[in-house]
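Enquirer: Those protein sequence lines, which keep their order, are chains Y and P. The letter at position 311 of the first sequence is residue 344 when you use my numbering, and the numbering goes up by one with no holes. The letter at position 288 of the second sequence is residue 321 when you use my numbering, and the numbering goes up by one with no holes.
Calculated from the structure, these hints are not laboratory results. Heads up, some of the hints might be wrong.
All copies of an identical chain are treated as equivalent in the list; a pair is satisfied when it fits inside any one copy or across any two copies.
Below, in silico cross-link-like pairs of lysine to aspartate or glutamate (DMTMM-like), each with a Cα-Cα straight-line distance of 25 Å or less [said to hold, decoys possible]:
#1 Lys-197 to Glu-323
#2 Lys-197 to Glu-74
#3 Lys-284 to Glu-219
#4 Lys-96 to Glu-156
#5 Lys-197 to Glu-219
#6 Lys-285 to Asp-111
#7 Lys-96 to Glu-84
#8 Lys-284 to Glu-338
#9 Lys-226 to Glu-253
2 protein chains.
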Amino acid sequence: MSFTRAEAFAPATMANLGVGFDILGLALCEPGDIVRVVRREQPGVSIVGIEGDGGVLTRDSRKNTASVAANAFLQTIDAQDGVEMTVYKHLPLASGLGSSAASAVAAVVAVNALFGSPLTLAELLPACLEGEACVSGYHADNVAPSLFGGITLVMGVEAGQIHKLPVPPNLHLALVTPNVGVPTSEARAVLPKMIPLQAMVTQTAAVARLVSALYRGDIEEMAAAMELDTVVEPARAHLMPMLVEVRVAAKKAGALGMVISGAGPTLCAVCDSEGIAKAAAAAMKDVYSEEGMGSAARHTQVGIEGARVLNLA
Amino acid sequence: MSFTRAEAFAPATMANLGVGFDILGLALCEPGDIVRVVRREQPGVSIVGIEGDGGVLTRDSRKNTASVAANAFLQTIDAQDGVEMTVYKHLPLASGLGSSAASAVAAVVAVNALFGSPLTLAELLPACLEGEACVSGYHADNVAPSLFGGITLVMGVEAGQIHKLPVPPNLHLALVTPNVGVPTSEARAVLPKMIPLQAMVTQTAAVARLVSALYRGDIEEMAAAMELDTVVEPARAHLMPMLVEVRVAAKKAGALGMVISGAGPTLCAVCDSEGIAKAAAAAMKDVYSEEGMGSAARHTQVGIEGARVLNLA
């Protein structure tokens with residue numbers, strides 16, 4: 034069975050969860066990117082439009098994360114036909130919310146649906162990773178939660194190395210993205226290459242506490258454990274304006290903890306009710322406003338479902 | 034309410050669980066140390082006998098782990114009376130099974146019972162740590178599981194920093210202790226002081242996978258995760274005779290994984306049935322026998338209960 038047009042959504046994601054550098058991530062309910070594809074006889078992928086990126090992203094289908102991912106999928110299934118693609122960016126670029134991953138995942142999920150869903154979700158992973166690789170390296174931190182949804186433990190780039198962890202009920206998140214660019218490459222460059230053995234001990238203990246808290250549905254413990262990172266946040270903190278002040282404001286509003294989302298600059302507060310998440314998002318935004326900095330604030334929950342097909346005809 | 038004599042048991046423990054260096058530990062059902070105390074009017078602690086240590090342990094009550102721990106307890110409760118103490122060592126010294134911790138814990142639990150149980154289990158922790166400290170430093174890796182039982186996550190030396198983790202049903206362990214001394218100090222000295230950041234990422238991922246497996250009761254996953262340590266075992270392997278051969282033999286007998294118990298030289302295989310644990314223990318012992326090395330092998334389970342009072346009169 035095949036179709037003429039398909040549209041898919043893939044959510045923004047938060048990698049790291051503080052102490053889980055390069056191994057933990059979660060999908061947000063919103064925002065997310067949408068990719069629309071139309072089947073054509075000519076093989077390959079052409080980008081016919083990108084909206085919402087302010088003209089920043091490349092339209093070159095050999096370089097854009099969404100088209101590269103879709104192309105990898107088409108090669109996997111040995112497709113004779115190709116697609117024309119439109120990308121609707123609903124999440125900010127270089128903000129620590131997995132923008133490139135969301136575009137890649139939405140593209141692959143859309144094209145898979147268009148061709149009659151020949152591959153399972155897990156089988157879509159390699160193509161998504163190909164797309165992500167052309168922007169930020171071959172890793173699944175953001176791709177995995179965007180594709181599978183929920184909270185993911187990423188031990189490698191094979192589907193069998195990705196585990197889903199329980200999502201505590203009543204977990205709400207407040208996110209604020211200041212108008213400042215933090216390229217992932219710079220956020221990586223400031224990390225120490227070597228760390229003391231004792232830092233590993235502290236970090237493994239905090240990750241163990243975090244995973245245990247997820248299984249017990251204990252959001253307070255979860256938030257406390259997330260904040261115990263002694264390696265990555267201290268190295269990156271100077272790249273995140275007002276980090277300390279935003280944390281104080283979020284907690285004053287009732288948030289239980291706050292961490293950098295991915296490589297930043299988005300900051301994410303962990304809350305146990307929608308009301309508190311709403312208040313924390315506003316309080317976090319106020320900190321930037323008082324400094325004359327623009328920012329985008331939102332509150333949301335973990336997206337249990339991950340990427341999905343919106344339309345198919 | 035007070036008594037004239039008391040006797041308590043505290044189990045041997047396995048620290049680290051492979052990848053959980055310095056943070057994870059578990060109590061064994063057996064073996065364990067037994068401490069008997071008799072109340073006397075004179076304050077302080079006198080050691081009147083130690084059995085099963087081959088005369089190796091100090092009888093000096095200011096230096097022995099059991100008496101130092103008991104003394105710390107007596108000071109905590111401001112006791113006017115003291116005790117005469119006999120220690121029955123049922124587990125080998127310097128073998129990676131938490132020998133000093135078991136003696137300290139048994140002593141404190143016995144004296145607490147003798148004085149009418151004025152303190153809770155959690156309140157006994159500091160006195161136990163005092164005893165452990167005079168042998169191997171102020172840390173709770175072995176003391177915590179010996180005192181509380183089960184599988185413990187140790188984030189520090191306060192009772193509030195110790196969490197119990199679920200014990201998978203049908204978890205069986207095969208242990209073999211070769212007749213070779215590996216002082217904890219030497220096993221610590223060979224560890225790297227600095228490690229690559231990537232090793233931390235791998236280690237945190239493995240610990241996350243291990244904790245997740247415990248909650249899901251998945252022994253195969255648990256064993257696989259335990260073996261993923263890339264930092265501690267590689268550094269210590271040369272101190273453990275026949276490590277590779279024993280692992281091969283254990284797995285051939287059906288074990289799902291094998292790690293160094295604490296600082297070694299005891300090796301511990303993870304199994305999912307009593308029959309396999311029995312076979313694995315025999316197979317592991319055979320490896321040493323073929324090399325002309327003596328060893329003690331046993332199979333047991335996780336001791337859910339931890340330390341306990343055996344007699345009180």
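Enquirer: Taking the hints in turn, state whether each one holds.
Expert: Outcome of the hint check:
1. Lys-197 to Glu-323: For Lys-197 and Glu-323, the Cα distance exceeds 25 Å both inside one copy (39 Å) and across copies (45 Å).
2. Lys-197 to Glu-74: This pair counts as neither: shortest intra-copy Cα distance 38 Å, inter-copy 60 Å.
3. Lys-284 to Glu-219: Answer is neither; intra-copy 28 Å and inter-copy 45 Å both fail.
4. Lys-96 to Glu-156: within (22 Å within a copy, 62 Å between copies)
5. Lys-197 to Glu-219: neither (29 Å within a copy, 39 Å between copies)
6. Lys-285 to Asp-111: neither (55 Å within a copy, 42 Å between copies)
7. Lys-96 to Glu-84: within (17 Å within a copy, 74 Å between copies)
8. Lys-284 to Glu-338: neither (29 Å within a copy, 39 Å between copies)
9. Lys-226 to Glu-253: So Lys-226 and Glu-253 fail the 25 Å test inside a copy (31 Å) and across (33 Å) alike.
Hint violations for this structure: numbers 1, 2, 3, 5, 6, 8 and 9, all remaining hints satisfied.
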